[in-house]
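Line order of the protein sequences matches chains A and B.
Everything in the first sequence is counted per this note's numbering, starting at 1 for the first residue and increasing by one.
Everything in the second sequence is counted per this note's numbering, starting at 1 for the first residue and increasing by one.
For the record, the hints were derived by calculation from the structure and aren't laboratory data.
Keep in mind it's a predicted model, so treat the numbers as computed, not measured.
Check each hint, because a few of them may be wrong.
As the list claims (entries may be wrong) - Stretch-level coverage of chain B by chain A, calculated; a stretch enters the list once three of its residues show a Cβ under 8 Å from a Cβ in chain A:
1) 50-59
2) 199-206
To be verified - With the C-beta cut set under 10 Å, the calculated list includes, among others, these residues of chain B facing chain A:
3) E24
4) L35
5) R196
6) Y232
By construction, the Cβ of each residue, glycine as well, lies at the ideal position given by its N, Cα and C atoms.
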Amino acid sequence: MIVILDGGPQTTVQDLGRFGQLRYGIPPSGPVDGHAFVLANRLVGNGDSAAALECTVMGARFQVHVACAIAVTGAEMPVTINGSEAPRWSTLIVKSGDVVKLGAARVGVRSYIAFSGGLDVTAVLGSRSTYLRGGLGGLEGRALRKDDRVSLLPALLPRAWRVASDRVPDYATAPEVRVVLGPQADRFTEAGVAAFLNNSYEMLPQSDRMGARLRGERVPHLRGHDIISDGIALGSVQVAGDGQPIILLVDRQSTGGYTKLATVCSFDIGRVGQLKPGRSLRFRAVGVDEAHRLLQEHRALLESDLSAKAKE
Amino acid sequence: MSLAFHPAGDLAVLVELDGEIGVELSMRLRTLEMLISQNVTGVVETVPAFRSLLVYYDPRAIGYLALCDSITALLPQAGSAPVPPSRLVELPCCYDDPELGFDLDAVAQRLELTTAEVIALHTGAEYLVYFIGFAPGQPYLTGTPERLVIPRLETPRTHTAPGSVGIGGTQSCIYAVESPGGFWVLGRTPVAIYDRGVAEPILLRPGDRLRFRPVDRREYDRVAAAVAAQKYRPVIA
């Protein structure tokens, strides 16, 4: 069991997500940065879908009441165990009574804390992920706060591993995010699409797990910004009347009536979620076939992240 | 009838049907959705809307073109295959309490009807759950009687209580969760169409038909208490 001493601004339980519920209006939820999340789980010997914590902007402080392995990945939040600094992207063995603290994110936005065995909260509709807006899943559908207790599923202690330093994502560099144009790219002016692809867009502070709001060169519509409502994919770049893009994330509304210029590829969506307000990103258009090739490459690289781990 | 395909990133494709939005298109859409889920490998989930399906797929199991071809091949069957079953759901609704149906008087005035006529028209109609979207369990309803067609609120409310039953344009609506809103609220149902506390939190499904049964405030309160105690089951035929 772990006991939360300080939940920080927004710490939630997430597994890989709640699938098959979008047709009932329930988004998948799950980690915003799936790449960092999966690596955290693998570092503690878990399957990829075990439930872990997602901390936002600032970390949580908690006490473990059982010997277990933990790993912290994602945003650069300094980690201490009983006050002593501990490495990130690495298996950490903790004993009962240890106090773990994550500080404020220096780079990136969201960090992940995985525990050997995984967090044991009741699965709702097949998932332990927290959907905050719907008050569903996780711990009572809400962010964690002081005195919350969360059990761990039983597990053996894994061997200690780390992710090689050249495999740790660099969240400080302005990312180039790959998009597939559409489904409604034809509803924008050619100059607008060009502006979207040739300029930087700045992340705004109003962003959350539902969507990332950006500001930059306006993307003008050809004829109005309303469409007959349709489904919204992960990474949809929605452009409302103000011509500014919003990238829809894991807690997105299932359907909507605004034009969608492009869709950020699944393998780059985590980088969007790690962009601090005030920092910028750029978009690059790829075709569906190239996107699938890049996705395969990304998955292969994730496997080699594992083999690149060196014994401590 | 034809299909258009638009990629929605590396994991989804938007499939658009042509034709008028209405009961027939809705049936075709649901039939096509069912055929896809039964026949196309690699499909992860589908999201129906007014005239489209967003099809999420696993590109390790099926490529983009193969997916589009497989869906196109199913189209001829979508007109003739049996339509997935449609349930009839009856929801109690309290109209004659200004606390719950706070726009009823204004609607009656605007449409030059008595409030009793508005209630009779609203409860006399059968609504189709075209699809669920935007919020958990939120139905998009068609079937508003022509006499009740009314422009949406000019200034949307910032808060609308869950269960509020409203009309706006040609659409009808039940608010699944507390949210802003542009619909005129005629009444409120005590039944939770999104209930996070139960194993099946979503009451309505795409393709369901829906009727409202007028109840007084006392009956509303009685049902609300039963819902809170998880002892109420709406009438579903």
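Can the hint on R196 of chain B be confirmed by a CB-to-CB distance to chain A that is less than 10 Å?
-> Status holds, d = 5 Å.
ask   = Count the residues of the region 199-206 of chain B with a beta-carbon closer than 8 Å to any beta-carbon of chain A: does the count reach three?
value = Satisfied; 4 residues make the cut.
inquiry  = A closest beta-carbon separation below 10 Å is what the hint needs, so does E24 of chain B meet it against chain A?
reply    = Hint violated; E24 of chain B Cβ to chain A Cβ min 16 Å, cut 10 Å.
Coverage criterion applied to the region 50-59 of chain B (partner chain A; beta-carbon cut 8 Å; 3 residues): Contact hint for the region 50-59 of chain B vs chain A: holds, 7 residues under 8 Å.
**Asked** Can we keep the Y232 of chain B interface hint, with Cβ of chain A closer than 10 Å?
**Response** Because about 20 Å separates Y232 of chain B from the closest Cβ in chain A, which is outside the 10 Å limit, the hint is violated.
When the least beta-carbon distance from L35 of chain B to chain A is tested against 10 Å, hint result
Violated - the Cβ of L35 of chain B stays beyond 10 Å from chain A, reaching only about 15 Å at its closest.
Comparing the model with each numbered hint stated earlier shows that hints 3, 4, 6 do not hold.
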